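Chains as they are written, first to last, in the numbering used here: chain D, 1 to 531; chain Y, 1001 to 1434; chain B, 2001 to 2370.
Read the hints as simulated data drawn from the structure, not as lab findings.
Since this is a predicted model, take the numbers as computed values, not measurements.
Heads up, the beta-carbon is just placed ideally off N, CA and C, and yes, glycines get one too.
Just to be clear, a hint being listed does not mean it is correct.
As the list claims (entries may be wrong) - Chain D side only, calculated, beta carbon under 10 Å to chain Y, not exhaustive: (1) Val126; (2) Ser362; (3) Trp466.
What the hints assert, rightly or not - Pairwise CB distance ranges, derived in the manner of DEER restraints: (4) Trp1184/Y - Gln2301/B: 54 to 60 Å; (5) Thr1332/Y - Gln2169/B: 25 to 31 Å; (6) Ser362/D - Thr1397/Y: 53 to 59 Å; (7) Pro327/D - Ala2311/B: 52 to 58 Å; (8) Gln2169/B - Gln1347/Y: 55 to 61 Å; (9) Pro327/D - Thr1397/Y: 23 to 29 Å.
Here's the letter readout for the chains.
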Amino acid sequence: MKKKFRDIFRFDQDDPEFELLETEEGKPGFFGGWTDEQAKEPPPPPPRPPSASVDENENRLRYEYKSAINPDILFRRFKLGGEIPALTVCINGMASSSQVNDFILRQGMVPGCMNGAGGERARFAVDNVFAQQEAVISTDWAEIKKAISEGRTAVFIEGDAEAVLMDTRGFEHRSVGTPQNERVIRGSQEGFTESVRTNVTLLRRIIKTDDFVCEFQDAGGGNNVMLVIAYRADIVNPSLLKEVKSRLGAIDAHAVLDAGTIEQLTERHTLTPIPQALRTERPDRTAAHIMQGHVAVLCEGSPAANIMPATLFSLMSTSEDSYMRRPLGTVLRVVRYAGAAISIILPAYFIAVSLYHQGMLSTEVISTIIASRQMVFLPLPVEMIFLLWVFQLLREAGIRVPGSVGQAIGIIGGLILGQAAVAANMVSTVVLIVVALAGMGNFTIPDYSMQLAAEYVRLFLVLMSWAGGLLGLTVGILLTGARLASLKSYGVPFLAPVAPKTYSYRPSVLRGRVTQRARASDELNAKEGRK
Amino acid sequence: MRGRHIRLAALLCAAVLALSGCMGARSPDEYGYALVIGIDRGKTKPFYISMLLQRGNGSSQSSEDSLCTMAGVECSDLFEAVELLEGGLPYSLSMARVTAIVFGEEAARGKLLEQFLSASLGSLHIRYYANLIVARGRAEDYLDGLLSELNPNVAKLQYNFIEYKEETGMIPGITLTQFYDRAWNQTGDVVLPLGGFEGEKSNGEGGGNKSTQQQTGNGRPENTAEPSDSGGAGKEEPAKAPPITDALSASDYLPGQTNRQGGLPAGMIGCALFKGTRLMGYLNGPHTQLLLMGRGEFNRGRIQLTSANGEPVSVMLASKGNPAVTLTLGDTPAAKIKLSLYASVEQPAAASSIDKEELRRAIAGYVENGMAAVFAACQSLGCDSFNLGEHAVTQFTDTKAWEAFDFEAEYKKMDASFDVSIFLKYNPTGSRVE
Amino acid sequence: MNLRQGRIGRQEALCAAAIAAGASAVFTTDTNALYARGNSAYLSTPLSALLSLGAFLLVVRTMQRRDNKNLWELLSDGLGPVFGRVAALICTAVLLFAAAGLLSRFSLMLGRFVFPDASEWQILAYLAAAAFVPAWLGLEGIGRTSRLFVWLLLIAVLGALLLAAYNYQPHRLAPFLGDGLGNMAELSVRDTALFFPALMGLLVVTRGVHGVTAAKRAGYGAGIAAGVLSSLCQICLGMTYSYHDLAQMHSPMYRLTMNFRSGGYYPRLDLLLMMGWTLSGTLGAGFYTYAAALLFAEAFQQEDIRPAVAAFTAAVGGTAMLMHVETDFTKALGDIVSRYGWLAATVPALLAAALAARKGKREGKAGEDE
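Modelling step: build the complete structure from the supplied sequences, incorporating the hints.
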């Protein structure tokens, strides 16, 4: 303590604080970044296939995986068939040790198991020695490394310039649980997990058809995670599939950590707040869309699937709508759409009518507004925007604050803060009620992205109403409608099947009958699938 | 590059919006709302305009808080009135909630009404479905009579008037826009509801120089004839004016002459007959019912008959469709109006003691004779209150012929006959307990 | 090429054209000319729609015969490249006038009844922006937006007619033939200028609506729908007001809302209904602007339609502003446009069709989807 105090008055020492940018070379750009002509990245080395020498392969892998400081990488030498030098490479924790021990090492060490192998040792071992359900032979060094990184085990055999890759994944992952953000009262309670294999299994348990395809491919991120493209080959529109694949193939990102990253990297309209893919945590919802001809994309590490394309009506529906009887499902949907409409339009309508068209309000309402605003110092539109912002603040705080305190935030914020704000003459009761109604209406939107997109539209309409009354509101609604109408999600109009009018065996807003033999969605121009 | 374009577009939009301004946005609490406007002749200027202004909402803690306040000023027109009044008020005036415009008798008989309505009232946001009323005496007295603890929400009066019209037929209903559409028409004349102040204020001196005055919601004494506040000289209470009569010389069922106790000092019953934009005469309540039947605006209402043994019998009449009008034009113009009504006798005992056919004839006779008398009265005043002009035009196939035709002259010598069919409802059980 | 045409379905095409034609026919009539000599508008309006459809049919048949893909091809086929461009400019001007007429009328209504404190250019800024954005987004945006809002707009018009129904008196239509059959015929011909531009717009965007045959069907539907709607409006107006009153109103439909039954909330719905109409007007103006820009771009071989859309929107806004200026010149111009606008609307296309038809049939597949 004394030393620290003395050090304050010492002026002959270097600043102990570490500054990262001190180590940078080059000159800073005006808008950020560094420009340095000399600091160019070295060109990547030309790809080399694996060597026939186990030693060489081991040395190369040790170098590239920096095994001296990366003790996770396990290199296990053994004698295949008791004679042939071999090497297993896997990552501790990613590969299941029991599978490696029991089905690779134990079986590989059986004396004489490689008798009759001839020149093709790897092929012989795969066919006769290793009892693994998935075993492929690869000569692509990048693929070998990727397999090792995924948790598979690579086996190098002396004399063969190939590696045997076997699926020994056994890393820890969350078990299948209830979806966190898409709860339903009726319906499946299973949700996706972070393991893409598990997720594919969940889908296959629902879609048990021979044309259900799950294509695995690299997500395109620098972290080498896998993604899965799931679709029904006999139903899906080939053009749609091609478009999805081309966009996914064009991903070249620093890291792909979540399905949300994939969604952002593949969408065309990046600045619009409206989502262009449907994100869901529910396997049943995903399967329902795949059966309609949609394409689902799952990503390793993400407990959600992206369904493409998405329309407004698919974003506004839940799986529960289909599980309820028709009149009940209809009520749910009508309430949901009405809630969304109230959420978006009510604050703006209130502003327009109060500021410009007081004649539309009854005298009682005007008197109530006057009485409630007598001592409020904020102008009405500012008050509205302020309350909308406070509502967002409460909502975000409620999400971030952990566990039991989160509920208290909602109660404190909703009741006490609102009441205190009225008592302090910061806001009026009428506006508070309008904002509360708008907020509740917002929560009826099932999709989280759409809820947030609705915030943008609401604010836009409030500003338009402030500027131009009902005319501004009308123009705002028209512009919003025009934007939605011109928006496309993977080539499919966002407002289909309403605009453009396409055949829909079920009404878009009201619930249709379930007994009808459903066809695939017309707006996808899917092939007729009746399996 | 794209981001720069978007930023530029957003900046441009913001600039345009800022330049376009907010088009006259005002918070509702910056206004005081005029609910009723009264138009009288002024002393020093053409008009004396009075207004009932509402501020409170009825949920105030103190009973002394005023919900309505009255203001008035001498002026050249409504626009000047607004400017002059705003100078003495702590808020701006808004006409967006005006529910009624009341014309004083003197203003209605002269050219003031036409002068007033020829202004562009829409620029003051006056609602076109505001009701028009003619008040016997001065309109400001009538407005004064509307202030009462019985009437915390003056705006609701409009609904009450409409209900009263629908339920009794004792007053007509006309909105500002209907007046505009019909008063300058060649195909009929308007009728306005007639209001008045119970406990007559003296006319002549009038209260034309009243300045802004505050009235509390509880402040009105009930049922007394107020001494005239003529702004200065202490005068003795003037003698009560002789009762007025309507166009058929009836003096009952007129505002100011209903001999009631309690309620609002201002009342409404009967109608004012207009020719164009000028007041020509009155009809009392029952005569208004008959007039409305002929115009096709009658919904339901009660009439009073006298039975053979001299007892009053109340009959509820209800409309059974619009009247069918047959016009004959030419040398002997004639109008035949056929009308059907439902009737139900409100005293079952009396109904059961009277022959149904006789009752039917009595009711039909009452209506036919009454309508004939009303027609004659209107004709003598030159008012086409039965809107026969609208039917006359159907007899012409082109505009030139119609415009060359002088309907007004034709109307003056027109004979009218009325054929009323009564559909009697009766209680088959004869029970007195309904 | 960035002509932003895309592809829209039959319902979208029908809705876009019907909204444009309906808005023009209901809201941009010259009331003084229509009613000053009696009210026969409820007869002349459906006749105008029929005449417009007849002209449309003649043009479409020729396009099918001559395998013309769109209106520009017809104009150049019939009139040659030079006069075809002149005709294209005239047709473009007609479309822009139709758009300006809508914006002008709505800005007048809004300025008179809703925003008396605002100046016309402030209101026009909103309306022009609302017309510009759909035109900028292209045919798909216009078509789908029209399809999206069509029911709302229909309710806004029919709702007004229904709520005022208690006040309808058939005898107010008298004299029933107005000022005679001659006047009725004259009005029928004049008011083709209200219906024909929308149908012409369909012929400009035939590629986007999947060919001339599809455009023909959409045109029929739009013409009939707009004709029925506007006739219904005229009947209801005629049953509410005499011709004398109608001749003095510049916004008879809004005056109709003033006759809703008193009491309750009905009288306060007028502004909401007005906003619905404004939506239809701006969508219609957007359609006209886009069609004009596309015709111009095709006639003068422009690669990108967006500069034309932006320039034409500004021109439409400016023209709408000029329509509010009361000078002898603008009044005279207005009279000429009102009287003879139908000539500019129909003659170029009909003339081109007539001249092209004389050349005989050309083998091709113009009627099928492209």
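The hints, checked one at a time:
1. Val126: Nearest chain Y Cβ about 52 Å off; hint violated.
2. Ser362: holds, 7 Å
3. Trp466: holds, 7 Å
4. Trp1184/Y - Gln2301/B: 54 to 60 Å: holds, 57 Å
5. Thr1332/Y - Gln2169/B: 25 to 31 Å: holds, 26 Å
6. Ser362/D - Thr1397/Y: 53 to 59 Å: violated, 47 Å
7. Pro327/D - Ala2311/B: 52 to 58 Å: holds, 54 Å
8. Gln2169/B - Gln1347/Y: 55 to 61 Å: For glutamine 2169/B and glutamine 1347/Y the Cβ distance comes to about 37 Å; the hint is violated.
9. Pro327/D - Thr1397/Y: 23 to 29 Å: Given range 23 to 29 Å: violated, Cβ gap about 56 Å.
Hints 1, 6, 8 and 9 from the earlier list are contradicted by this structure; the remaining hints agree with it.
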